[in-house]
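Engineer: Sequence:
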Amino acid sequence: MALAGLIYTHYPQAAGTRLAQVHFWLHNLGLPVFMGGLALFLLGNTWAGPLLGIGSTVVWLSLVLFAVNLWRSLR
Numbered sequence: 000m001a002l003a004g005l006i007y008t009h010y011p012q013a014a015g016t017r018l019a020q021v022h023f024w025l026h027n028l029g030l031p032v033f034m035g036g037l038a039l040f041l042l043g044n045t046w047a048g049p050l051l052g053i054g055s056t057v058v059w060l061s062l063v064l065f066a067v068n069l070w071r072s073l074r
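Take the sequence shown: its position 1, counting from 1, is numbered 0 in numbering that gives the first Met the number 0, and each next residue is one higher.
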């Protein structure tokens with residue numbers, strides 16, 4: 000997220016878009032789910048596998064939206 004912040008600071012035209020807002024919220028909601036699921040899974044709680052999958056998918060989707068936002072804003 001820090002790298003995205005640096006890029007959004009350097010390219011403010013990308014920061015003011017709706018995609019940037021969706022990227023921000025998806026990343027900030029998905030990352031704690033992903034990290035919590037990963038921690039539980041690594042501690043042997045196999046039931047946390049779906050939680051890990053959901054969190055990582057949300058984070059991945061936010062990164063795809065970040066790339067799309069940069070592509071649209073900087074071309």
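Treat the hints loosely; a few may be bogus.
[As the list claims (entries may be wrong)] What follows is a list of derived Cβ distance ranges for each label pair: (1) T16 with P49: 38 to 44 Å; (2) M34 with I6: 20 to 26 Å; (3) W70 with L39: 34 to 40 Å; (4) L37 with T16: 39 to 45 Å; (5) L42 with R71: 39 to 45 Å; (6) R74 with A38: 35 to 41 Å.
The hints are simulated quantities; they were obtained by calculation from the structure and are not laboratory data. Ideal placement from N, C-alpha and C gives every residue a C-beta, glycine not left out.
Engineer: Now look at each hint and say whether the structure bears it out.
Structural biologist: Do the hints match the structure? See the list:
1. For the pair T16 and P49, the beta carbons lie near 32 Å from each other, so the given range of 38 to 44 Å is not met.
2. A beta carbon spacing of about 22 Å between M34 and I6 agrees with the range 20 to 26 Å that was offered as a hint.
3. At about 35 Å, the beta-carbon gap between W70 and L39 stays in the expected band of 34 to 40 Å.
4. Between L37 and T16 the beta carbons are some 30 Å apart, a value that contradicts the proposed interval 39 to 45 Å.
5. A beta carbon spacing of about 41 Å between L42 and R71 agrees with the range 39 to 45 Å that was offered as a hint.
6. Against the hinted window of 35 to 41 Å, the Cβ-Cβ separation of R74 and A38 comes to about 39 Å, which satisfies the hint.
Of the numbered hints listed earlier, those contradicted by the structure are 1, 4.
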